[in-house]
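Chains V, X, U and Y supply the protein sequences, listed in that same order.
Counting in my numbering, the first sequence tops out at residue 349, every number present.
Counting in my numbering, the second sequence tops out at residue 349, every number present.
Counting in my numbering, the third sequence tops out at residue 349, every number present.
Counting in my numbering, the fourth sequence tops out at residue 349, every number present.
Quick caveat, the hints were computed from the structure, so don't treat them as lab data.
Do not rely on the hints blindly, as some may be mistaken.
Said to hold, decoys possible - Stretch by stretch, here's where chain U covers chain Y in the computed footprint (C-beta under 8 Å, at least three residues):
#: 1; region: 20-26
#: 2; region: 293-302
Unchecked claim - Quick partial rundown of chain X residues pointing at chain V, CB under 7 Å, derived from the structure:
#: 3; residue: Asn23
#: 4; residue: Cys91
#: 5; residue: Lys230
#: 6; residue: Phe241
Computed from a prediction, not measured in an experiment: that's the story for all the values here.
Heads up, the beta-carbon is just placed ideally off N, CA and C, and yes, glycines get one too.
4 protein chains.
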Amino acid sequence: MNFASDNTSGVHPAVMAALAAANEGHVASYGSDALTRAAEDMVRKVLDAPDAAVMFTATGTAANALSLAGMADPWQRIFCHNEAHVEMSECGAPEMFTGGAKLTLIAADGGVLDADALDHAASYWAGEGLGGGKPGAISISNTTEAGRVWSPDQVAEIGAVARQHGLSLHMDGARFANAVAASGASPAELTHLAGVDLLSFGGTKNGAMGVEAVVAFDSALAERLAYMRKRSGHLLSKHRFLSAQFYALLDGGLWLQLGAHANRMAARLAEGLAGVEGASLVRPAESNQLFVRLSPDAHDRARGAGAVYRGWPSLSDDDADAEGFVVRLVCSWNTTETEVQELIAALKG
Amino acid sequence: MNFASDNTSGVHPAVMAALAAANEGHVASYGSDALTRAAEDMVRKVLDAPDAAVMFTATGTAANALSLAGMADPWQRIFCHNEAHVEMSECGAPEMFTGGAKLTLIAADGGVLDADALDHAASYWAGEGLGGGKPGAISISNTTEAGRVWSPDQVAEIGAVARQHGLSLHMDGARFANAVAASGASPAELTHLAGVDLLSFGGTKNGAMGVEAVVAFDSALAERLAYMRKRSGHLLSKHRFLSAQFYALLDGGLWLQLGAHANRMAARLAEGLAGVEGASLVRPAESNQLFVRLSPDAHDRARGAGAVYRGWPSLSDDDADAEGFVVRLVCSWNTTETEVQELIAALKG
Amino acid sequence: MNFASDNTSGVHPAVMAALAAANEGHVASYGSDALTRAAEDMVRKVLDAPDAAVMFTATGTAANALSLAGMADPWQRIFCHNEAHVEMSECGAPEMFTGGAKLTLIAADGGVLDADALDHAASYWAGEGLGGGKPGAISISNTTEAGRVWSPDQVAEIGAVARQHGLSLHMDGARFANAVAASGASPAELTHLAGVDLLSFGGTKNGAMGVEAVVAFDSALAERLAYMRKRSGHLLSKHRFLSAQFYALLDGGLWLQLGAHANRMAARLAEGLAGVEGASLVRPAESNQLFVRLSPDAHDRARGAGAVYRGWPSLSDDDADAEGFVVRLVCSWNTTETEVQELIAALKG
Amino acid sequence: MNFASDNTSGVHPAVMAALAAANEGHVASYGSDALTRAAEDMVRKVLDAPDAAVMFTATGTAANALSLAGMADPWQRIFCHNEAHVEMSECGAPEMFTGGAKLTLIAADGGVLDADALDHAASYWAGEGLGGGKPGAISISNTTEAGRVWSPDQVAEIGAVARQHGLSLHMDGARFANAVAASGASPAELTHLAGVDLLSFGGTKNGAMGVEAVVAFDSALAERLAYMRKRSGHLLSKHRFLSAQFYALLDGGLWLQLGAHANRMAARLAEGLAGVEGASLVRPAESNQLFVRLSPDAHDRARGAGAVYRGWPSLSDDDADAEGFVVRLVCSWNTTETEVQELIAALKG
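With the rest of the complex left out, here is chain V (with noise of 0.2 Å):
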């Protein structure tokens, strides 16, 4: 019973079947190879975005910061939430990556950004000339760190204000998969139709082994990220295996069955508890995380049991009268009807 993360999941057997089939031959490293241009190509199928430059990492951080770093000058402000994974999980990397921009943190329950706040937070900075250093980027995650599912329309009110302060426009897609199969939208709808100019693009929280797509939907920008890809580490040589792993996970829509999967796990663990005594849902179940405050009584039930999650401090804190603690409940590709089942169990004692 493993609901760390996403990520401590392993490799789905496509996924380990393709890199197999991958390992024949002599193929020209760094990216020159067919099966890498089939794999953008099939990106830009998915995405509906002919024209879109599509360049694959193997980190999600990498991906982030190229992504921003593409977008940003060094002297510019990049919005975001102020839980975003750029801000709190990545130890600097859009800095590094873009040569010191500021992240500017606006807060949102759950980190759904109001179109008002960012018009709010732009206006502002632009006002205070060249020692508030030049509103450029706004970065948005879908889905949220809180779990949460952006609609189109919100991604397309948060467009509209990139367009009107010019700004660009990078969503966080590590959990894309599951964003897309849990709004029902199409993924040119949650993106470029919305104003969104790249995306990061998750494949390993999503059944790969280890590998991101940066699509940036203005082309012009292949060049510039294709370099900063290479200096920054990133191009891998052997790099036909990035692109087996993400063909396998599109091949057939198997990256939409596993996110839809993940979902559906999280969606039957909230239902389940609801009828646990010392269990309560802090946050909408929404997509493949659920936040649960715990009774000391109930977490002591499932640990014993040997369930494995983390605890979320930052939510713990924001309601000091209330008992027990908020924890982090994530369902992946691979999690089991039975293992939500057995966590439910556990919790009841």
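Fit chains X, U and Y to the supplied structure of chain V, relying on the hints for placement.
Structure of chains X, U and Y alone, referenced to chain V:
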């Protein structure tokens, strides 16, 4: 017949098997897993360096850039050969990771630096004061980009210069297996016993899918390196799949068998070339890379027969009067005797 | 009647005289001159810090950014007030000089940080592990950007938190003269005796043409700072002209007389504003900066009479229901009693 | 008798007078003042470049680093002479400001680069692909660090290579006054008419206290440069005192008179040296810097008489068989005929 590079080869079956074996169950992410501990221990054992800090990355450029950033401040100079990979082939990764340290190029035939030349350069720049930047580190490659192999004594001479001037010493071991196999020396003799402070220990060209180890013989660098790996996006979430590769290579000495095999194939090829009209080695055959001047006729015959290899313009320029041009022929862990004979036959026509 | 900023004032006659006096003969460049030694010694004497390293620059942004880069690694977090000059007004200089360290903003009325809030933030980020970045430093401003003045005890509380968490402590003293004069404490009590590690000691706003001192109470930072100043272009070749300014300010205690004068003028202005309809202080008058809510009528009268000052939109927003808007009124070393009375008269109409 | 550098000289009386005159009343800070507008206009007029963007800084290292950062992306190569100030004497400022661009060194006697050599280098690195970094810019110095002077035709040859390869062209004019005076060409002919995109127009060595102008002939660079100057701490708050200096130098052609004077003094010195046993020019006397091989006896005599100058070890090394060593003798705007004669007399003994 592909002699373009050792990274056009695929992955050794034992590594593929290790990846499959590692794909079991939920495992802690970001390197907090037992297999990563075991692989790190194995590296320490192979290098006879029980206190070394070991850190895996997916690319050689990352390993080199992190190593140099672990050693050098932004205002320092790093001395290296003018054909060093860190200068020629990494698009400024050392500059990006160090925050702008300067590579100062030292000429040397075949990339084996001369201790006196280094001593002179370090003294000269120390004498230039603040404006010149502070001499900070030396980076050498073993095997060199020219296929040369360092003896432990040669490394130790550089190590002595480093100590004398207070410089750190880095070894780019992208082809460390070939170097160890060719030298007959132990990994320890070629590194920390000779004064090397940081080693980029290559796995990818040696039969892995994509893994290199940064080895800091002074474990005090461990924290600094860990933060730098994270913020450069080089800490893989499903890290067990990096560790599995390196473990499989080192286990039972596979890495050295593969390195020795590649060297042996290159030696066979060199022998065969001696009998080819219109082909002559321009550098001694010491490891798995050969640099060969081909007549246009020989080249046409080889290409016609389907041989793949790369031209090496910088060497062609060296002797403008000579006929033909220089190419690089690289043997890999999976180069076969048959391929070698086919290439020789093709060149002969 | 110019109350826009203390940097719209010119240069004190004693400083001009010192520049003229320094313009004699050939003098060693880049700070290797006797006057520079004397000015550095004077700084050490004033701060009662005989071992401190002292380094002059031409701008406060440079002094702050060099100080922070002397303390913080690229992967660290620097805690500061959300209205700190380093965050609001330096266009990312701290990020540029540190190589991408993150400023983490702490709210506090008037910019005097609360020790408990800092303690909580440092603990929180330490708990976030690699991804969160490592807590590295604290930066406070004295006087604050809101014109508040720290007591030695208040600084010492922050110093204690810094020590407890292994953080360095920087004080942005762009208006250090005003702070010392207002607090009644000694320069030493407000800095190294209270745990400050690095001080930006301002001269420009205090009557100089353009000079600030970086003071590192731990002289081990001297070499690092010297290289960083050089590579950031902040080592002036005709350096004697920086040193002459600082010497002139400190000589005979002129700096404190000027700081006290500016504070006194602001106090007079505050007294006078008490009798002005349509003008009210929104922050206490502690040093040389006043923040005043003006009615539209009062504003029109003052502007009509030729008064120059700046609006302060962030404070205006704080109380959307209040009439009028907030402006900042700054008194300088050369603000006269007459100007103060003229402004009061103009506001009254 | 100080021939150490033109920055050991003080400030011209006209510049001092201009500083005193500028010290009147309250003036808008950060360059938003009328004197700054006038000084910028004067620069444009002198260069016959009505659309150029002009920006003042206090140091030549800042002017160079900002210029290069205005032209080059972090992943680019900047070609320059191997004795260029940007390589030898700025402690990595170009790397810091550009975010890690690489300086690629081109040998050339006396620093006047050969167009064919540049063409070859640009072609070579363009051929190296991503790994090699992208050729981005060329930086030349006029006068060169060896005291050589470029003709407009020579600059135009480099400009043509730049255009052909899509590179930007920077001129480090720390001694631009000496260059213009010596060449007899107009400022425009030596810069934008010959293909120069960015000029570091030096004032400090020409008689100022500390001011240089960054001139971008393509004014589209203005915004980028403005943000970079701010975040590098090089926007002075009491900016009028920078502007006053440059205005005073350009006003009435003072800058060219001073440059011509320094050149003339060097010519006199060169004439006199012809009659000195144990002194011989190792480079032609073209501007205000002479490089002279001195016998130990001549050196002892000069030092004994109080002459101050610097040894030039790199040139001494060039001819290990020659007696003595090479020194640099720099004449300045305030070097007198008497000092020149005294030095000659001292060397003769």
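Each hint, compared with the structure:
1. Remark: the region 20-26 of chain Y is confirmed as covered by chain U, as 6 of its residues place a Cβ nearer than 8 Å to a Cβ of that chain, reaching the required three.
2. Counting residues of the region 293-302 of chain Y whose beta-carbon sits less than 8 Å from any beta-carbon of chain U gives 0, not enough to reach three: the coverage restraint is violated.
3. At a threshold of 7 Å, the smallest CB-CB gap from Asn23(X) to chain V is about 4 Å, leaving the interface hint in force.
4. Hint on Cys91(X) holds. Least Cβ distance to chain V is approximately 4 Å, under the 7 Å limit.
5. Nearest Cβ of chain V to the Cβ of Lys230(X): about 4 Å, under the 7 Å cut. The hint holds.
6. Taking 7 Å as the C-beta cut-off, the interface hint given for Phe241(X) holds, the closest approach to chain V being about 5 Å.
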